[in-house]
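Novice: Below, each chain spelled out in residue letters.
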Amino acid sequence: MDRWTDRLSEYLDDGLNEHDRARLEEHLAACAECRGVMEGLRAVIRQAGALQDRPPANDLWPRIRERIEAGADVVPIEAARPPRGKGRLAFTFPQAAAAGIALMLFGATTAWFALRDAASPAVVADAQPAAQAPAQFSFTGQLLAPEVQQRLTELEAALDAARERLDPATVAVIVKNLTLVETAVREAEEALARDPANQYLREHLVQTLRTKVGVLERVTDLARAET
Amino acid sequence: MTRFAALAMLSLAAGMAVPLSAQRTDTTFSVGRTGTLRVDNHQGGIRVRGWDQSSIRVRASHPSRVRVDITRSNDIVRLEGEATRGPARGLEYEIDVPRGWAVRIDSHTGHIETENTGGDVIVSTVNGDIIVAGVADARLETVQGEIVVNDARGGIRASGVNRGIRVANVVGDVIAETVTGTVALENVDAARVSASTINGSIQFTGRIRDDGDYSFDTHNGDATVAIAAGANANVTVATHGGSVESDFPVQLRGDAGRMGELQFELGRGGARLRIESFNGVIRILRAGQR
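The listed protein sequences derive, respectively, from chains A and B. For the first sequence, position 71 (counting from the first letter as 1) is numbered 71 according to our numbering, and the numbering increases by one without interruption. Take any residue in the second sequence, count from 1 to its spot, add 1000: that is its number in our numbering.
Simulated from the structure, these hints should not be mistaken for laboratory data. Please note: incorrect hints may appear among the correct ones.
[Claimed, not checked] Short derived list, chain B residues pointing at chain A, Cβ under 8 Å: (1) Gln1053; (2) Ile1070; (3) Val1161; (4) Thr1182; (5) Glu1186; (6) Asp1189; (7) Arg1192; (8) Ile1198; (9) Asn1199; (10) Ser1201; (11) His1240; (12) Phe1278.
[To be verified] SDA-like mimics (lysine to any residue), calculated; alpha carbons at most 20 Å apart, straight line: (13) A/Lys176 / B/Ser1201; (14) A/Lys176 / B/Gln1144; (15) A/Lys176 / A/Arg186; (16) A/Lys176 / B/Gly1267; (17) A/Lys176 / A/Leu166; (18) A/Lys176 / A/Ala161; (19) A/Lys176 / A/Glu147; (20) A/Lys176 / A/Glu164; (21) A/Lys176 / B/Asp1211; (22) A/Lys176 / A/Arg194; (23) A/Lys176 / A/Gly214; (24) A/Lys176 / A/Asp221; (25) A/Lys176 / A/Ala145; (26) A/Lys176 / A/Ala157; (27) A/Lys176 / B/Gly1164; (28) A/Lys176 / A/Ala158; (29) A/Lys176 / A/Gln150; (30) A/Lys176 / B/Glu1113; (31) A/Lys176 / A/Arg210; (32) A/Lys176 / A/Arg165; (33) A/Lys176 / A/Glu156; (34) A/Lys176 / B/Thr1182; (35) A/Lys176 / A/Pro146; (36) A/Lys176 / B/Asp1129; (37) A/Lys176 / A/Gln199; (38) A/Lys176 / B/Ala1133; (39) A/Lys176 / A/Val213.
Idealized CB from N, CA, C, for every residue including glycine.
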């Protein structure tokens, strides 16, 4: 990620000063990746604007703000926090490997369907009961530039071939970590489904997907080096 | 044959096997004041040290079926293991290079360490820790291993997967990312710092320059940033299921942030400081007070 990527939202929100805005526009002219992310953000804004407005299920913001505005000089802002264990996975190693394989197959399949059919519910449909989901579309699909989505799909498809070339211990470690990334993606998707206008969640999802792309690229590089 | 006799014979055979299977290479050759050392190694530890001589000394231990191939081209010296069959496994290096030389190491398995080489360092490995000290720019990648950087005068890019990253005493930009493990940045003086992990904490202590850009992002972990009094920064913190604590008096500005974010200024504002944790605690500490 370059230094401008996570300032794109500020640009769209007209939150940059004149100097930064000019520099970002210069950068956009030269960086296809950032242009892609920008288009993704615009698409989400369009989608979000069409959604029914409903309060987020887990919005900490009012409590955070209330505590700060109370005027405390030293601010421990204890926002409510879900139990640490909730949503966390504890696997034995074989379970982790099996879960990873299943998640990767799931990820590749949903990405494939998302690319083939934009109306497909993709990831969100699995993450959120239909009655609670504010919309039936994939934020991953909306936030990633088409070329990044394509790259992700290619990398996922290349994973099986890479697996055959790498030693089992390395594969197990990679599967474990991809499982963690997939879990993080799913959590971000679920949170965003409940709170689609949340700028942080959008950017966090993009960042997490970039991490996934980075790990998959690393795997394919390693596999290439083994040939 | 008694069990004792059998064990004694096995021990004798094992003892004899050592000098037959293990060899040592020890060679020293003159080089220029600047250059690049490249080491390609499949399996085995590598230790490179900088010294104040215009020569390179290569010491290596390896099985008899493996030899060290040293090639020189202009100002590049390349070391590579050659085996009579299969990959060159079990090749352990200790290398001294003139201080200031660049070092590039590509490895598969083995602990890698560079010490006071003073120049740029690039290391890529799959299984093994990477420990560098006394470098300029460094680009370090491992899958199963920890990355440790100490005392650098240049940009650091560290990429791990299954272990943490520790960077200390650096003057230069830092980009550190991993999936599992803590990213700990200590005493960093940089215009730009970016640290991210999925399943680990982030810790930062260092200087916040007025024109700097600092970004810390974790999914499952706490993010702790210690800031010296007098720093000037526009701070954004963001969390989903976590919480925020600050030692500093917080003055909200404008609409105080976009949805899901909290924005405030420290001092006069200036540096861009962004701290995110999806599930963990964000702590903004006053440096030296805890």
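Novice: All the hints need checking, so say for each whether the structure fits it.
Specialist: Comparing the hints with the structure gives:
1. Gln1053: violated, 33 Å
2. Ile1070: For B/Ile1070, the interface hint is violated, since the closest Cβ of chain A sits about 22 Å away, which is over 8 Å.
3. Val1161: holds, 5 Å
4. Thr1182: This interface hint is violated because 14 Å lies over the 8 Å limit.
5. Glu1186: Status violated, d = 22 Å.
6. Asp1189: The hint is violated - B/Asp1189 has no Cβ within 8 Å of chain A, the shortest such distance being about 18 Å.
7. Arg1192: holds, 7 Å
8. Ile1198: holds, 5 Å
9. Asn1199: Cβ of B/Asn1199 sits 5 Å from chain A, so the hint holds.
10. Ser1201: Violated - the Cβ of B/Ser1201 stays beyond 8 Å from chain A, reaching only about 13 Å at its closest.
11. His1240: Status holds, d = 5 Å.
12. Phe1278: Nearest chain A Cβ about 6 Å off; hint holds.
13. A/Lys176 / B/Ser1201: holds, 18 Å
14. A/Lys176 / B/Gln1144: holds, 12 Å
15. A/Lys176 / A/Arg186: This hinted pair holds, its Cα atoms lying about 15 Å apart.
16. A/Lys176 / B/Gly1267: Violated, at roughly 43 Å.
17. A/Lys176 / A/Leu166: Given that 20 Å is the threshold and the Cα spacing comes to 15 Å, the pair holds.
18. A/Lys176 / A/Ala161: The hint holds at about 18 Å.
19. A/Lys176 / A/Glu147: violated, 26 Å
20. A/Lys176 / A/Glu164: holds, 17 Å
21. A/Lys176 / B/Asp1211: The hint is violated at about 39 Å.
22. A/Lys176 / A/Arg194: Roughly 28 Å separates the two Cα atoms, so the pair is violated.
23. A/Lys176 / A/Gly214: Roughly 15 Å between the alpha carbons, so the hint for A/Lys176 and A/Gly214 holds.
24. A/Lys176 / A/Asp221: Between A/Lys176 and A/Asp221 the Cα gap is close to 18 Å, so the pair holds against 20 Å.
25. A/Lys176 / A/Ala145: Violated. A/Lys176 to A/Ala145 sits at ~27 Å, over the 20 Å cutoff.
26. A/Lys176 / A/Ala157: The given pair, whose Cα atoms are some 18 Å apart, holds under the 20 Å limit.
27. A/Lys176 / B/Gly1164: This hinted pair holds, its Cα atoms lying about 15 Å apart.
28. A/Lys176 / A/Ala158: OK: A/Lys176 and A/Ala158 at ~17 Å, within 20 Å.
29. A/Lys176 / A/Gln150: violated, 23 Å
30. A/Lys176 / B/Glu1113: violated, 27 Å
31. A/Lys176 / A/Arg210: Distance of about 17 Å is within 20 Å: holds.
32. A/Lys176 / A/Arg165: With Cα atoms ~18 Å apart, A/Lys176 and A/Arg165 stay inside 20 Å; holds.
33. A/Lys176 / A/Glu156: The given pair, whose Cα atoms are some 15 Å apart, holds under the 20 Å limit.
34. A/Lys176 / B/Thr1182: Judged against 20 Å, a Cα distance of about 17 Å means the pair holds.
35. A/Lys176 / A/Pro146: violated, 27 Å
36. A/Lys176 / B/Asp1129: Roughly 19 Å between the alpha carbons, so the hint for A/Lys176 and B/Asp1129 holds.
37. A/Lys176 / A/Gln199: violated, 29 Å
38. A/Lys176 / B/Ala1133: violated, 30 Å
39. A/Lys176 / A/Val213: Distance ~15 Å between A/Lys176 and A/Val213 Cα, so the pair holds.
Violation of the numbered hints given earlier is confined to hints 1, 2, 4, 5, 6, 10, 16, 19, 21, 22, 25, 29, 30, 35, 37 and 38; the remaining hints are satisfied by the structure.
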